[in-house]
Amino acid sequence: GIQVEQSPPDLILQEGANSTLRCNFSDSVNNLQWFHQNPWGQLINLFYIPSGTKQNGRLSATTVATERYSLLYISSSQTTDSGVYFCAVEPLNYGGSQGNLIFGKGTKLSVKP
Amino acid sequence: DAGVTQSPTHLIKTRGQHVTLRCSPISGHKSVSWYQQVLGQGPQFIFQYYEKEERGRGNFPDRFSARQFPNYSSELNVNALLLGDSALYLCASSFGRRYEQYFGPGTRLTVT
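Protein chains in written order, with my numbering: chain Z, 1428 to 1540; chain L, 17 to 128.
It should be emphasised that the hints constitute simulated quantities derived from the structure, not laboratory data.
Just to be clear, a hint being listed does not mean it is correct.
Stated by the list, open to error - No farther apart than 25 Å at their CA atoms in a straight line, the calculated lysine to aspartate or glutamate pairs in the DMTMM-like style are these:
(1) Lys1532(Z) - Glu116(L)
(2) Lys46(L) - Glu69(L)
(3) Lys1481(Z) - Glu116(L)
(4) Lys1481(Z) - Asp1508(Z)
(5) Lys1535(Z) - Glu116(L)
Excised from the complex, chain Z in its bound form:
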């Protein structure tokens, strides 16, 4: 099946710093989503981005589907950005299980004041 790899696994930043999180995937995808999981376990939708570039405030994302990777940019980080960031893909061809998301292992971000 499709493999999703996220890097780095852990990231520690000082408040105000910028960062780039990467997601590589091994096969063609129909859908790619970025999530932020807060300390209480809630997965918060950041971007639905199967291709192209999107921006939402201090966050932006780029997916290059032909090269099978996506990047999440966080600028001017704040302590509230801390948590785990997940990339999840929906394989383009997945037999009878279309519509399910395959998650990476996440990047754990800690922003220090």
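Using the hints, position chain L against chain Z.
Leaving out everything else, chain L in the frame of chain Z:
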């Protein structure tokens, strides 16, 4: 609009028991998916239901089952609980089978 809701929030069960978890999707969404997240890992797909029919199943044993009701809410059932079933169970809803998914707050299940 209300988001995805799940109940209960927390649950403690004993090995061998049965558990039922519930999920209500966002209004207008017809697809519900279930995921299991163990500590330190990303969520893993269990089931997808669309229009009350099972449309996808992950690599989970037959002890796991689910159903979707006419109002599109869903239940996840797990029989003969094992210690390894301890996890955060997440429900996601989407408009259709291949649309953006939105997650509920999860049910944290502890099996002792």
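Verification of the hints:
no., hint, verdict
1, Lys1532(Z) - Glu116(L), "20 Å, holds"
2, Lys46(L) - Glu69(L), "11 Å, holds"
3, Lys1481(Z) - Glu116(L), "15 Å, holds"
4, Lys1481(Z) - Asp1508(Z), "18 Å, holds"
5, Lys1535(Z) - Glu116(L), "23 Å, holds"
Every hint, counting from the list given before, is met by this structure.
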